[in-house]
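**Student:** Sequence:
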Amino acid sequence: DKAITTLRFMPKKGASILRKVIESAVANATQDDQIDVDNLYVKTVFIDGGPSFKRIRPRAMGRATSIIKRTSHITVVLDEN
1402 DKAITTLRFM
1412 PKKGASILRK
1422 VIESAVANAT
1432 QDDQIDVDNL
1442 YVKTVFIDGG
1452 PSFKRIRPRA
1462 MGRATSIIKR
1472 TSHITVVLDE
1482 N
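The sequence shown begins at 1402 in this note's numbering and counts up by one.
Do not take every clue at face value.
Think about it this way: if two alpha-carbon atoms lie no more than 25 angstroms apart in a straight line, the pair counts; the simulated DSS-like pairs of lysine-lysine are [as the list claims (entries may be wrong)]:
#, residue 1, residue 2
1, Lys1421, Lys1403
2, Lys1421, Lys1444
3, Lys1421, Lys1470
4, Lys1403, Lys1413
5, Lys1444, Lys1414
6, Lys1455, Lys1414
7, Lys1403, Lys1444
8, Lys1455, Lys1470
9, Lys1470, Lys1413
10, Lys1444, Lys1413
11, Lys1403, Lys1414
12, Lys1414, Lys1470
So the derived label-pair ranges between C-beta atoms look like this [said to hold, decoys possible]:
#, residue 1, residue 2, range
13, Ala1461, Asp1439, 57 to 67 angstroms
14, Thr1407, Lys1470, 22 to 32 angstroms
15, Arg1464, Phe1410, 40 to 50 angstroms
16, Arg1456, Lys1414, 16 to 26 angstroms
17, Asp1480, Arg1460, 49 to 59 angstroms
18, Phe1447, Asp1402, 20 to 30 angstroms
19, Glu1424, Ala1461, 44 to 54 angstroms
None of these hints come from the bench; they were simulated from the model. Computed from a predicted model, the values in this text were never measured in an experiment. Built from N, CA and C at the ideal position, the CB exists for glycine as well.
Please take these sequences and the hints and turn them into a complete structure.
**Tutor:** Here is the structure:
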């Protein structure tokens, strides 16, 4: 709960994305009846590179430049006290 409220007020672009991932992980943990949601904490967070999409942007005089749209994989591990 503290991590979600901290990320909610951070002005960075990635903060809202990471907040949604943590909220999704908490929602997935509520599906298990043996886990108490109030005792959950963020154990580890790591972000790995995902596949890159290659696009072409037309430029002046018939030329073209390549654009690489990068993606990433976000992994959040929650644990109980």
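**Student:** Work down the list of hints and note, for each, if the structure agrees.
**Tutor:** Results for each hint:
| no. | hint | result |
| --- | --- | --- |
| 1 | Lys1421 to Lys1403 | holds, 14 angstroms |
| 2 | Lys1421 to Lys1444 | holds, 16 angstroms |
| 3 | Lys1421 to Lys1470 | holds, 21 angstroms |
| 4 | Lys1403 to Lys1413 | holds, 17 angstroms |
| 5 | Lys1444 to Lys1414 | holds, 22 angstroms |
| 6 | Lys1455 to Lys1414 | holds, 23 angstroms |
| 7 | Lys1403 to Lys1444 | holds, 13 angstroms |
| 8 | Lys1455 to Lys1470 | holds, 6 angstroms |
| 9 | Lys1470 to Lys1413 | holds, 20 angstroms |
| 10 | Lys1444 to Lys1413 | holds, 22 angstroms |
| 11 | Lys1403 to Lys1414 | holds, 19 angstroms |
| 12 | Lys1414 to Lys1470 | holds, 16 angstroms |
| 13 | Ala1461 to Asp1439: 57 to 67 angstroms | holds, 59 angstroms |
| 14 | Thr1407 to Lys1470: 22 to 32 angstroms | holds, 29 angstroms |
| 15 | Arg1464 to Phe1410: 40 to 50 angstroms | holds, 45 angstroms |
| 16 | Arg1456 to Lys1414: 16 to 26 angstroms | holds, 21 angstroms |
| 17 | Asp1480 to Arg1460: 49 to 59 angstroms | holds, 50 angstroms |
| 18 | Phe1447 to Asp1402: 20 to 30 angstroms | holds, 22 angstroms |
| 19 | Glu1424 to Ala1461: 44 to 54 angstroms | holds, 45 angstroms |
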